[in-house]
Each structure stands twice: as C-alpha cells, then as structure tokens.
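There are 2 protein chains.
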Amino acid sequence: MLNDLVVRNRSYRRFYQEVPIVYEALRELVDLGRLSASGANRQPLKYIVSCERERNAQIFANLKWAGYLPEWGGPEEGERPAGYVMVLGDTTITQSFGIDHGIAAQSIMLGATEKGLGGCIVASINKEGLRQVLAIDPRYEILLVLALGKPKETVVIEPVGPEGDIKYWRDGEQVHHVPKRALAEILIE
Amino acid sequence: MLNDLVVRNRSYRRFYQEVPIVYEALRELVDLGRLSASGANRQPLKYIVSCERERNAQIFANLKWAGYLPEWGGPEEGERPAGYVMVLGDTTITQSFGIDHGIAAQSIMLGATEKGLGGCIVASINKEGLRQVLAIDPRYEILLVLALGKPKETVVIEPVGPEGDIKYWRDGEQVHHVPKRALAEILIE
Numbered sequence: 001m002l003n004d005l006v007v008r009n010r011s012y013r014r015f016y017q018e019v020p021i022v023y024e025a026l027r028e029l030v031d032l033g034r035l036s037a038s039g040a041n042r043q044p045l046k047y048i049v050s051c052e053r054e055r056n057a058q059i060f061a062n063l064k065w066a067g068y069l070p071e072w073g074g075p076e077e078g079e080r081p082a083g084y085v086m087v088l089g090d091t092t093i094t095q096s097f098g099i100d101h102g103i104a105a106q107s108i109m110l111g112a113t114e115k116g117l118g119g120c121i122v123a124s125i126n127k128e129g130l131r132q133v134l135a136i137d138p139r140y141e142i143l144l145v146l147a148l149g150k151p152k153e154t155v156v157i158e159p160v161g162p163e164g165d166i167k168y169w170r171d172g173e174q175v176h177h178v179p180k181r182a183l184a185e186i187l188i189e
Numbered sequence: 001m002l003n004d005l006v007v008r009n010r011s012y013r014r015f016y017q018e019v020p021i022v023y024e025a026l027r028e029l030v031d032l033g034r035l036s037a038s039g040a041n042r043q044p045l046k047y048i049v050s051c052e053r054e055r056n057a058q059i060f061a062n063l064k065w066a067g068y069l070p071e072w073g074g075p076e077e078g079e080r081p082a083g084y085v086m087v088l089g090d091t092t093i094t095q096s097f098g099i100d101h102g103i104a105a106q107s108i109m110l111g112a113t114e115k116g117l118g119g120c121i122v123a124s125i126n127k128e129g130l131r132q133v134l135a136i137d138p139r140y141e142i143l144l145v146l147a148l149g150k151p152k153e154t155v156v157i158e159p160v161g162p163e164g165d166i167k168y169w170r171d172g173e174q175v176h177h178v179p180k181r182a183l184a185e186i187l188i189e
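Those protein sequence lines, which keep their order, are chains F and U.
In this text, residue positions in the first sequence follow my numbering: the first is 1, and each later residue adds one.
In this text, residue positions in the second sequence follow my numbering: the first is 1, and each later residue adds one.
Copies of one chain are not kept apart here, so a pair can be met inside one copy or by any two copies together.
No more than 35 Å apart at the CA atoms, straight line, and that leaves these computed lysine-lysine pairs for DSBU-like:
{"hint": "1", "residue 1": "Lys180", "residue 2": "Lys115"}
{"hint": "2", "residue 1": "Lys152", "residue 2": "Lys127"}
{"hint": "3", "residue 1": "Lys150", "residue 2": "Lys180"}
{"hint": "4", "residue 1": "Lys64", "residue 2": "Lys167"}
{"hint": "5", "residue 1": "Lys127", "residue 2": "Lys115"}
{"hint": "6", "residue 1": "Lys167", "residue 2": "Lys150"}
{"hint": "7", "residue 1": "Lys150", "residue 2": "Lys115"}
{"hint": "8", "residue 1": "Lys167", "residue 2": "Lys115"}
{"hint": "9", "residue 1": "Lys64", "residue 2": "Lys152"}
{"hint": "10", "residue 1": "Lys127", "residue 2": "Lys150"}
{"hint": "11", "residue 1": "Lys180", "residue 2": "Lys64"}
{"hint": "12", "residue 1": "Lys115", "residue 2": "Lys152"}
{"hint": "13", "residue 1": "Lys180", "residue 2": "Lys127"}
{"hint": "14", "residue 1": "Lys167", "residue 2": "Lys127"}
The hints are simulated quantities; they were obtained by calculation from the structure and are not laboratory data.
Sequences and hints are given; from them, build the entire structure.
As structure tokens, then:
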C-alpha cells in the first residue's frame, strides 16, 4: 500500500491548472510535515501555502523547472501548479535544518499523492524574488517549494541503461521517462 | 490512511530485540528509498542493511542515543534494534546529497511502520568506527543509520507548553513524551 503510494508519487511538472486545490487540503498536508521526525525534535520548519491564482503566479515566476529539459521553459499557462507549499527554516530556532525538510517534504508529497494530487519538490528557486513577492521575514530561510496540482502528464520509471545516464527525457508523445538505478546497484551486499 | 501511518511513525528507541527482521523486509524498505525523489535524479544514495546479531552489535556500538536523556545510555541488551539500514552517499556520483537522504529515510520509516516495525533515524554516528566495522569503502559518505525493530515503548505526542520547551522526556512509567508545535505555530498565514 505504501509501496503503491511511493510508486505513484512521481515528480510531475504539468498540471490541470483549472482543477483547484482547497486551502484545507494544503493545511492537512502541512500537518503531515508537522508530525514527521525532526532532528533533536527542534521542529524549525515553518510553512506558507498558496492556492490562489494571483499568488500562485507570483510564486511560479520564481521557480526553475526541469534542468535536463533545457528547451522547455517550464509549464505553460493552463498547465501550471494549482497550489504550493513553501517550506521555510526558522533561523531563530536553529541555523542548521539538517534533513528535516527532506523528511517533511516526503510526508507531504505522499499525502498529496493520496489525495489524487502530484507535484514536484523544487529547490531551484529565485529565493530573493520569492521572499519579496510573499513578504517573507528575513528570520526564515527559504528551503523548498512543493509545487502541487492534478498531474497532466504520464511519468514512466525505467532502468538506467548500460551507459549509466540518469537524465530524464520526454518522448514524442510527451511521456516523461525517468531512469532509476536497479536495487542491485544501490544495495551493497 | 497516510495520516495514520505518519502519526504511528514515532521515533522509537527500545525494541523487542528477540523479534527478528528478515533480510527481505529490509530489501523492500530500501526499494522504497530507491523509488523516492532524488535531486536532479542523480540517485547518489547507496545502502547497507543488517539483520544479523553480531553485525547488529557492531553497528549499535557506533551509535549515540537520545540527546535529551543524558542519564540514559541507550537501549539495554535485549531492547536493541533487530535491524538497520545504513544510508550512504556515493561521492563518485556527487559530493552533495542535498536532502535525498531525508526523503528516502522518510519513505523507509513509513514503510517500516506499515510492516509493524518502528525505529529511529540516527544521525549521531561514530562514522569512522562504523566505517571500520562494516568495511565501508571511502567512496561512500556515511549519512544516516535507520535503527529498526518491533517497538517496546509507548510514545505520546503532546503540545509544546507555554515555555516553548521541545525536549522529549520520559515519565515514571517510562512513557516517552514528545512535545510537537501546533499547526497554528508553524503555518504562517
């Protein structure tokens, strides 16, 4: 069951933008982050969410998409995320967030998958631009943006080829292919 | 359902050590890590697992437990983890692992919870000691040890008090109490 969720939880970058995400759903997702493990239980993560058209557009303008698809500038208007969860680190609690945001992000993305959503953990962020449009206090470090929506693309996992190339790619039907290393490669005996 | 898993997935530090974890279960858990998101899809994480008594003891000797319980030296013989997943970073793939190990660790811990196991993401590791006993190649950075077993303690989530103290503590019945910040504190409007 969790295996099924993990398999379905692919990174999606095109969405049915017109399908809204309600605020309460984002709130429930943040609660999954809240209840996840935190180094020394410090819980330095704070969150800002967005599911409103204008604010979404401001956030979108500060994200970079799909480094391996240089000819693709990111999702077109109409295929953009319908909501966002911004993951921040509160520097008044600690200066070092360890992997707390990775742990929390995974809980949130799996929760989104369960809700029929999908998305992408975005770390390529114009942080100063985002700080400005959302008026984020300097006490918060911007760590991640989780872009969410109803996925409008097919993502296929496939084995890494003999040449070891892990770059994802799109075929002529715009299906997104993601090479994943085999278990035998990553589990050291 | 995922919410239930996330709530049940507490950090446990005492186990029914005599209840074994089979190798295949650890292999399935590593596969959850394998199928989780990785920055730029580089997939630099590698894994070593252990479910064998002698090896478990060697690993245990290189872990530090529960920083907020200084009078407790960690679980006694008989209450120690029955298995481990060591999360390594392959420096021949990248030098920078970002939050990949946080993402993968959360998939694995949730998968363990689903299997009726529990455990703790341990980052306080005597890395050189662990490297020596497991003969870990210098190409791998030791990132995390996931300690697993059938939990033998009760962990209770409670609100952070007005004084803001987030230190976990144990009561006279050895119940482990973990203060968690309220959603209203972490979700910035």
